[in-house]
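Chains as they are written, first to last, in the UniProt record's numbering: chain H, 1 to 297; chain Y, 1 to 313; chain V, 1 to 312.
Everything labelled a hint here was simulated from the structure, so no lab data went into it. Any given hint could be a false lead.
Here are the computed lysine to aspartate or glutamate pairs in the EDC-like style, where the Cα-Cα straight-line distance is at most 16 Å [claimed, not checked]:
no., chain 1, residue 1, chain 2, residue 2
1, Y, Lys-9, Y, Glu-67
2, V, Lys-165, V, Glu-34
3, V, Lys-53, V, Glu-171
4, H, Lys-199, V, Glu-109
5, V, Lys-53, H, Asp-185
6, Y, Lys-9, Y, Asp-56
Which stretches of chain V does chain H cover? Using the computed rule of at least three CB atoms under 8 Å from a CB of chain H, they are [stated by the list, open to error]:
no., segment
7, 79–89
8, 124–137
Ranges of calculated distance between the beta carbons of each label pair, as one might list FRET restraints [claimed, not checked]:
no., chain 1, residue 1, chain 2, residue 2, range
9, Y, Arg-104, H, Trp-262, 57 to 63 Å
10, V, Gln-105, H, Ala-176, 27 to 33 Å
11, V, Gly-234, Y, Ala-32, 37 to 43 Å
12, H, Tyr-212, Y, Asp-249, 44 to 50 Å
13, H, Lys-199, Y, Lys-125, 57 to 63 Å
14, H, Ile-53, V, Ala-115, 55 to 61 Å
15, V, Thr-116, H, Ala-176, 39 to 45 Å
16, V, Gly-234, Y, Asn-101, 43 to 49 Å
Since the model is a prediction, treat every value here as computed from it, not as a measurement. Cβ atoms here follow ideal geometry from the backbone N, Cα and C, with glycine treated the same way.
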Amino acid sequence: MTALQEAVPRDAAAPVSGRREALHFALRNGKLLAGAGVVLVLLLLGLIGPLTIDAPPNEYVGPPMQAPSSEYWFGTTTFGQDVFAQFVYGLRTTFAAGLLGGVVASLIGMVVGFLAGFRGGLLDEILNMLTNIVLVIPTLAVLLIINAYLGIRSVVAQAIFIGLTSWPWAARAIRAQTFSLRGRDFVDLARLSGSNTWKIITREIAPNMSSYLLLTFILLFGNSILIASSLDFIGLGPTEGVSLGLMLQNASQWSAMQLGMWWWFIPPGAGITAIVGALYVANVGLDEVFNPKLRET
Amino acid sequence: MSLRVSDLKVHYRTLRGDVRALDGVSFELGDAEILGLAGESGCGKTTLGKSLIRMDGRMRHVGGTVELDGTELPIGDDRRMNDFRFHEVSLVPQYSMSALNPTRKIGKMVGELLRSRGVTPDTAKLLGRLDAVGLPHEVLDRYPIELSGGMKQRMVMVISTLLDPSLLIADEVTSALDVSTQKAVARALAGFRDNGFVKSMIFITHDISLTYQIADTIMVMYAGRLAEKAPARTIVEAPRHPYTRMLIDSLPEVGVRHADRRLSGIAGSPPSLLDPPAGCRFRDRCPLAFDRCAEEPPAAEIAPDHFVACWKA
Amino acid sequence: MMLRLDNVTKVYKVGAFGGKTLTAVDGVSFDVPEGQVVSLIGESGSGKSTLGKMILGLVPVTAGSITLDGAPVRPGKEYYRHVQGVFQDPFSTFNPVFKADRVFQLIREAYFPAATAADWDERVRAALRDVRLDPDQVIGKYPHQLSGGQLQRVLIARALLLDLKLLVADEITSMLDASTRIDVLNLLAEIKGRGLGVLYITHDLSLGNYLAERTVVLRHGTVVEMGATDRVFGRPLHPYTRQLLSAVPRLHAPWEDAEPVTSCLYHDGGATGGLAEAGEDHFVACARLEGCLEERLGGRSGGRLEGRLKGR
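Same shape as in the complex, but just chain H:
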């Protein structure tokens, strides 16, 4: 009868070691391999590309408004800047902003989530309130104000700001997971082994949700790239340097679309879409690897 679920059989013995099993499915998961592959290629391009280019990316190196050619692979801008040079430098900045923003958000989310979920009680109430407040803060408005008064001039400042505002949902998710783990007997056993709260969180609970933390980080990473690019595009980005979002902003500012200079806005647009899209696809793939219920049989 369909309404009755059946118990998981203990009869089916012989489980395979967890990590080996994850690896087995990871290597056979198309989504994960494709997503991770795209991210990796772009990352390598961002890391190695700039080394092959002599001039700074914003130098006026060639004739203006050139379509892609063998000399300028992605063409040049209205001012004769090399779009390919800007693209590879932009990738670097974009990855850096995403990574830093993702790391900051993950760290805050983890600390808040672990503490709230593990300690519970009053601390949980307070942290929950904080989470909810940050969750509903209109990020853009705050950024406009901060920009007006302080000015965000560097990629680092921008990434930190993104990190400081995008952690709440991660904290909530981690809190829920921690809450379900803290009742397990191995937490009690760790207490009986003289472990304190910090040690239990870092050495018992966190390793149990490592896959979950990895997924959270990847989502925050992609999210940071998206926010950073959006901020750049509306002119709230760093004034120095070059990023994919800034390229888009410049292209739009100097009417690249109207002038038919597709090579100016397509590379950064496609780059952002590819990175973020590939991260999400990889995330779905990873989820399938870690969560047997989602695996296609």
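Given the coordinates of chain H, work out where chains Y and V should sit on it, guided by the hints.
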């Protein structure tokens, strides 16, 4: 003869290969018979129970047949089995707590369930069944969360048998219950058979003392095979398979004290069913093992209705 | 060594604002002397596991006191050097992402940081051999590669590495197979010979009876009967104990019916009086001795009894 299982083989697919959870089991179950299926974890008793009603995605029907009241059950075919489930074969699972939909009142849920099976709910019959297991009629207006574990278990028993199935499979239904509730639930199950709500029953449990209380016949399984099957009294009083003997000797009873009589368990552990050794599977732990045990012992009928798979029986 | 529980009570706050309370344990007093196994018998909701957790300092005591050699429970490194626990589900007690022998590593880090690797390894191996495990079969394995019985032994071995005075064993055999659980019980009986006390918490009367010198029967958070095991089980006086005993499935005898526990009004819903001494080392909350009912019921009407029974 109500159920006839012949050389049933069901394997679990895993990454490392097939786990031969059920590896050639044959037995018969008579009308109005309660068969107690006993054995330790991994012996295949749950697999056997599930095979008779619903295999999960990793289970594969490798060989053998199951015949219920003269009709062969298409156990490997999930969709064709639907015609039999609930009507002919029904299951009471171990965790009835999670089997009931928490958002529906029980009465409403029962109605929906019956209609989904193309049956018009028969209220008088339902109320009669509630009386039979000692549940007040008001439970139908309650939500599952308002019932105690024993009440939920009895409610699921009532639901599973509303269509008078021929065979009822009760899988560890009492193992999560307290001793006094366990007694009531086990007795209610036996009452189902006595009242003819079900024709025959397979009562799966790891607890031989419990199955002895309600079963007519006890079948002891070991590592995917039948070890011994005999009338309940015979299994307890005069077991012939060394595994059954050692298992029964390891059970402390009220009155047996460590200081007076020290019981001992069975050293070692069952073989891996991924690649089980040839011959008798209990060989490695058996004090009576000899060279012939390298050959697989058939389940021989050494006395009427007493089957033992052991060369020394 | 002596563990003493004196009028121990645990009240949980429940409900959205903690407005309601739930008394899980209500005025429980008993001792666990050294060199003895005391079994704490109760059904679900009896408060037996809460008691175990309070003794282990994992749950704070609401009222009353728990003392070890006269000193109150102070959860922390020093207390756990002498008091350890083993829990019901071995697969949940081991962190599934680590190898099983990591439980020894945690003990080493906390209590024996100075031990050399070779010395420690030898100690672990000796402890494993003490619990009848082959060290080579256990060391380096993940929890899921070991059986439930092996895992519980590993946990007992872990406790034995310390200067143990009391072991709280909470339903440690309820998830084990019949053929292996008896050996784990025998092990508990053996280690009490080292002069440590064992509190064996279980719902299974036959296991408690097999193992323990003394038995405490718990119902709804209060002790209904306790004393020497052969007296409590040999001559049970409280109707609840009798009912439990009659419900235990036996191998050679079919179930009998016992008088329902509700026949005693005085203790329906929890004892309010103390335990009466019914004999040498035998205490009963409701002796049902001659004249008990008349004496204790006094002028209460039978109608009220009916009402209370239906309300349950």
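Structure-inconsistent hints, enumerated in ascending order: Hint 8 is the one this structure does not satisfy, whereas the remaining hints hold.
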